[in-house]
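Start from chain A and add chains B and C according to the hints.
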Amino acid sequence: MASTIQEGIHMQAHILVAIITLAALLLYFVMAIEVGRARGRFGVPAPAISGHVDFERVFRVQANTLEWLPLFLVSLWLFAIYWSDLVAAGLGLVWIIGRILYMTGYAKAAEARSLGFLIQLVATAVLLLGALGRLIWLAVAASH
Amino acid sequence: MASTIQEGIHMQAHILVAIITLAALLLYFVMAIEVGRARGRFGVPAPAISGHVDFERVFRVQANTLEWLPLFLVSLWLFAIYWSDLVAAGLGLVWIIGRILYMTGYAKAAEARSLGFLIQLVATAVLLLGALGRLIWLAVAASH
Amino acid sequence: MASTIQEGIHMQAHILVAIITLAALLLYFVMAIEVGRARGRFGVPAPAISGHVDFERVFRVQANTLEWLPLFLVSLWLFAIYWSDLVAAGLGLVWIIGRILYMTGYAKAAEARSLGFLIQLVATAVLLLGALGRLIWLAVAASH
Numbered sequence: 001m002a003s004t005i006q007e008g009i010h011m012q013a014h015i016l017v018a019i020i021t022l023a024a025l026l027l028y029f030v031m032a033i034e035v036g037r038a039r040g041r042f043g044v045p046a047p048a049i050s051g052h053v054d055f056e057r058v059f060r061v062q063a064n065t066l067e068w069l070p071l072f073l074v075s076l077w078l079f080a081i082y083w084s085d086l087v088a089a090g091l092g093l094v095w096i097i098g099r100i101l102y103m104t105g106y107a108k109a110a111e112a113r114s115l116g117f118l119i120q121l122v123a124t125a126v127l128l129l130g131a132l133g134r135l136i137w138l139a140v141a142a143s144h
Numbered sequence: 001m002a003s004t005i006q007e008g009i010h011m012q013a014h015i016l017v018a019i020i021t022l023a024a025l026l027l028y029f030v031m032a033i034e035v036g037r038a039r040g041r042f043g044v045p046a047p048a049i050s051g052h053v054d055f056e057r058v059f060r061v062q063a064n065t066l067e068w069l070p071l072f073l074v075s076l077w078l079f080a081i082y083w084s085d086l087v088a089a090g091l092g093l094v095w096i097i098g099r100i101l102y103m104t105g106y107a108k109a110a111e112a113r114s115l116g117f118l119i120q121l122v123a124t125a126v127l128l129l130g131a132l133g134r135l136i137w138l139a140v141a142a143s144h
Numbered sequence: 001m002a003s004t005i006q007e008g009i010h011m012q013a014h015i016l017v018a019i020i021t022l023a024a025l026l027l028y029f030v031m032a033i034e035v036g037r038a039r040g041r042f043g044v045p046a047p048a049i050s051g052h053v054d055f056e057r058v059f060r061v062q063a064n065t066l067e068w069l070p071l072f073l074v075s076l077w078l079f080a081i082y083w084s085d086l087v088a089a090g091l092g093l094v095w096i097i098g099r100i101l102y103m104t105g106y107a108k109a110a111e112a113r114s115l116g117f118l119i120q121l122v123a124t125a126v127l128l129l130g131a132l133g134r135l136i137w138l139a140v141a142a143s144h
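Protein chains in written order, with my numbering: chain A, 1 to 144; chain B, 1 to 144; chain C, 1 to 144.
Just so you know, the hints here were simulated from the structure itself, not pulled from any lab data.
Please read all numbers here as calculations on a predicted model, not as lab measurements.
Keep in mind that a hint or two might mislead.
Derived coverage of chain B by chain C (criterion: at least 3 residues anywhere in the stretch with Cβ under 8 Å from a Cβ of chain C; other residues may be distant) [said to hold, decoys possible]:
hint: 1; stretch: 26–32
hint: 2; stretch: 64–75
hint: 3; stretch: 79–91
hint: 4; stretch: 108–116
Backbone N, C-alpha and C fix where the C-beta goes; we use that ideal spot for every residue, glycine too.
Chain A on its own, in the form it takes in the complex (with noise of 0.2 Å):
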């Protein structure tokens, strides 16, 4: 009994983390989905990749976002692990708002996907540079 309510609590813990990884990864899914559209709409069929500027932004969009994943995902999660569950979920939430200004700004304009850019990068690193930070001062504290 006892156990199952711990565990309970343990999982409560990480539900807005979980909620916000999937609310980006519904917003990821979205940029394939517009991939796709793009293909038919500039005449870009699989499996080319360039030929049309048009196409080739919406395409990076997806491609730029696939390949901050990682670095977003595994950070945003070991932060909530080993630190702030809640403080995880609020910069996950501002990576979230960042990739949609990029997404709408990079699909008008090359230079427009600098500022959704910018925001996520800065959530990002603070994600990263503060899990990293805190893992490193639980490992010294661990060895005294």
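Here is chains B and C on its own, set in the frame of chain A:
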């Protein structure tokens, strides 16, 4: 003693999903090796990723699977942890079958990739939306 | 009190692997920044990902590392959780060294990437097959 047994049971609870995860990664590993072999077969030396349409299809098998791996793996584990290990493992098996059909189909022709792609898409969508629905339900239940 | 100590020990058991994970992601972060710098240096503005062979090699360093990150990170953690934290962390360090050699080699010439690539491939294969073997062994043992 009790904690060792409990930990053992807890670990065994995810063994199935862990094996499915590694089987999916082994399949992805095979796709990556195929790209290296296709470089030689179709005369597309690194760092180029285009130049021969037969190479590009083999390359896109791996690239597209990579694009979907974060969606699949993260959804698989959140579904397993917060809901059902067995159902997650079953859907993971469906995903693997879809990806094998996708790989063998796409290697023949771009059009022949659709069935396998659809199968893995449905498996991923059920895992993602199932996990999200379950987590929102848990969050609402926890706030009561 | 007891559960806090146990949880503390449990967390500390994975601190090494968590630090290796973030170190690997930091290296990948550097590769991503290098792509951005190479865009300016070799005159390949976004969204293009080809056009200058020196840029393409820098781009492929990041892209290939991304292609291997799911294989590496997931195998690393499953090996650590189900088998040995220390051995996983050691193999993770080997992977990082291989990837540094790969990055510096590939930046010079496409041929100079082979040694580093081989080192990270072996580390990944040992982690993946080791974790899979261990899990199958645990599954068989559990069914007896």
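Here's how the hints hold up against the structure:
| no. | hint | result |
| --- | --- | --- |
| 1 | 26–32 | holds (count 4) |
| 2 | 64–75 | holds (count 4) |
| 3 | 79–91 | violated (count 0) |
| 4 | 108–116 | violated (count 0) |
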